[in-house]
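**Q** Each chain, letter by letter, is given below.
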Amino acid sequence: MTPSLATLVTGASSGLGAEVARQLSVTRRLVLAGRDDARLERTRLACERPDEHVVWRCDLGDVQGIEGSLTRLLTERDVRIDGFVHCAGMLRIMRMRMMDLATATATMNVNFLSAAEILRLLTRKSVNAGCLRAVVFISSISSQYGARGFNMYSASKGALDALMRALAVELAPAVRLNSVLPGAVRTTAAAADDDAATAMFSTDYPLGPGTPADVASAVRFLLSDDARWVTGQQLVVDGGRTVNITA
Amino acid sequence: MTSALYEQLAELLEVESVAPGDVLQDSPLWDSLTMLSLIALLDSSYGVNVVTADLRGVRTAGELVALVEARRA
Chain R
14 MTPSLATLVT
24 GASSGLGAEV
34 ARQLSVTRRL
44 VLAGRDDARL
54 ERTRLACERP
64 DEHVVWRCDL
74 GDVQGIEGSL
84 TRLLTERDVR
94 IDGFVHCAGM
104 LRIMRMRMMD
114 LATATATMNV
124 NFLSAAEILR
134 LLTRKSVNAG
144 CLRAVVFISS
154 ISSQYGARGF
164 NMYSASKGAL
174 DALMRALAVE
184 LAPAVRLNSV
194 LPGAVRTTAA
204 AADDDAATAM
214 FSTDYPLGPG
224 TPADVASAVR
234 FLLSDDARWV
244 TGQQLVVDGG
254 RTVNITA
Chain E
337 MTSALYEQLA
347 ELLEVESVAP
357 GDVLQDSPLW
367 DSLTMLSLIA
377 LLDSSYGVNV
387 VTADLRGVRT
397 AGELVALVEA
407 RRA
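Sequence order for the protein chains is R and E. First residue of the first sequence: 14, per the working numbering; consecutive thereafter. First residue of the second sequence: 337, per the working numbering; consecutive thereafter.
Hints are supplied without guarantee of correctness; some may be wrong.
Across the chosen pairs, the derived CB separations fall in these ranges [to be verified]: (1) E:A355 <-> R:A212: 30 to 38 angstroms; (2) E:S353 <-> R:E80: 42 to 50 angstroms; (3) R:D207 <-> E:A406: 18 to 26 angstroms.
Residues from chain E that keep clear of chain R, each with C-beta distances beyond 12 angstroms, as calculated [unchecked claim]: (4) S353; (5) Q361; (6) D362; (7) A389; (8) V394; (9) R395; (10) T396; (11) V401; (12) L403.
Hints listed in this document are in silico derivations from the structure and should not be mistaken for laboratory results. Just so we're clear, the structure is a prediction, and the values are computed from it rather than from any experiment. Cβ coordinates follow ideal geometry from the N, Cα and C atoms, glycine included.
I would like the entire structure built from these sequences, with the hints used as guidance.
**A** Shown next, in the form of C-alpha cells:
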C-alpha cells in the first residue's frame, strides 16, 4: 500500500506556523509539529479537514531526540513527507555580554540545527522513500541586517539561509528549497496593544504592519508547483521595511 | 534566588553591586535593550514571564525582585 503524502509544518502551535498550516490545509494533508498539545490541537481544529492531519509533539531543542521521534511517527502513521516548512524559532533579544551559552545553544538548536536534522532524515530513502519535493524555511530580515540584541538570532537565521542555498544546489532537481524573510509580524492580541510597536510600524514600515497571513501566502507560493523553477531564493516579505532609508 | 538575582542585576548594569533601594532608571545603562535583556534573563533563569509594561511599573531593584518572586509563586 502506498503511504500517503503530507507536508510537515514545525512551529505549528505558534502565530506564524498556525496560519501557514491553516492555509496549506486547503490543499494538503499536514503533520503539525510543536511542543504544546493544547495549542497544536487548536491549530489542527482551525485547519480544513481537521481529522486528516497528524500531530507530532516534539521539542526541537532536543535535536538528538528528533530521529527516533520522527521516524516512529512516519512509520506508525504510514505517512511520507513531500513538503517541509520550518516555522519553529525562538527569539531572546539581549545584549551580547549577557548572552549565556545555554540560550545561545538553544537558539541555534531550535532555529537551525533541528531543521538540518529533519532534512537529514527526510532525504534518507529508508525514512522518507525519496518523497521530499519542496522546503521553505521561515528566516527573518535579521538574517541579512543587524539589529541591537539580535546577535544569536541573526546568526541562526543566517545559518538557515546559507544551508538553504547549499541544499538547493545539492538536492536539485528533486527538491527545491527557499526561504521567506519576514519583517516584524504581530502574532498575538497583546502585541496589537503595544503603542511603541504601533509607532514603529507607522514610521519604519512603508506598508504598515504585516500579518501572519501575509507571510503564509509567500510560503504557499514557494511550496507550490507555481514555483517550479524557483530554488535557492530568499523572499523578503516585510512591507518595504528593509528598503526604507528615510531618516 | 534573591541574592542570585541581585548579582545578575549588577552584571546587567555593570556595577559592583545592586541594593534593594537602587532606582533602576537611574542607571546609565537602563534602556530598551537592557530591559529586553532583563526580560530574557528572567525567563531563562527563573521561568518567569515579564513584559516591558511590567518593568515600567517597577522603580527599585527591590520592587523588581518582589515582582519576580510573586510571579514564580
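**Q** Now, for every hint given, state plainly whether the structure supports it.
**A** Okay, the hints, checked on the actual structure:
| no. | hint | verdict |
| --- | --- | --- |
| 1 | E:A355 <-> R:A212: 30 to 38 angstroms | holds, 35 angstroms |
| 2 | E:S353 <-> R:E80: 42 to 50 angstroms | holds, 47 angstroms |
| 3 | R:D207 <-> E:A406: 18 to 26 angstroms | holds, 23 angstroms |
| 4 | S353 | holds, 17 angstroms |
| 5 | Q361 | holds, 16 angstroms |
| 6 | D362 | holds, 19 angstroms |
| 7 | A389 | violated, 8 angstroms |
| 8 | V394 | holds, 17 angstroms |
| 9 | R395 | holds, 20 angstroms |
| 10 | T396 | holds, 21 angstroms |
| 11 | V401 | holds, 18 angstroms |
| 12 | L403 | holds, 18 angstroms |
Of the numbered hints stated above, the single one contradicted by the structure is hint 7.
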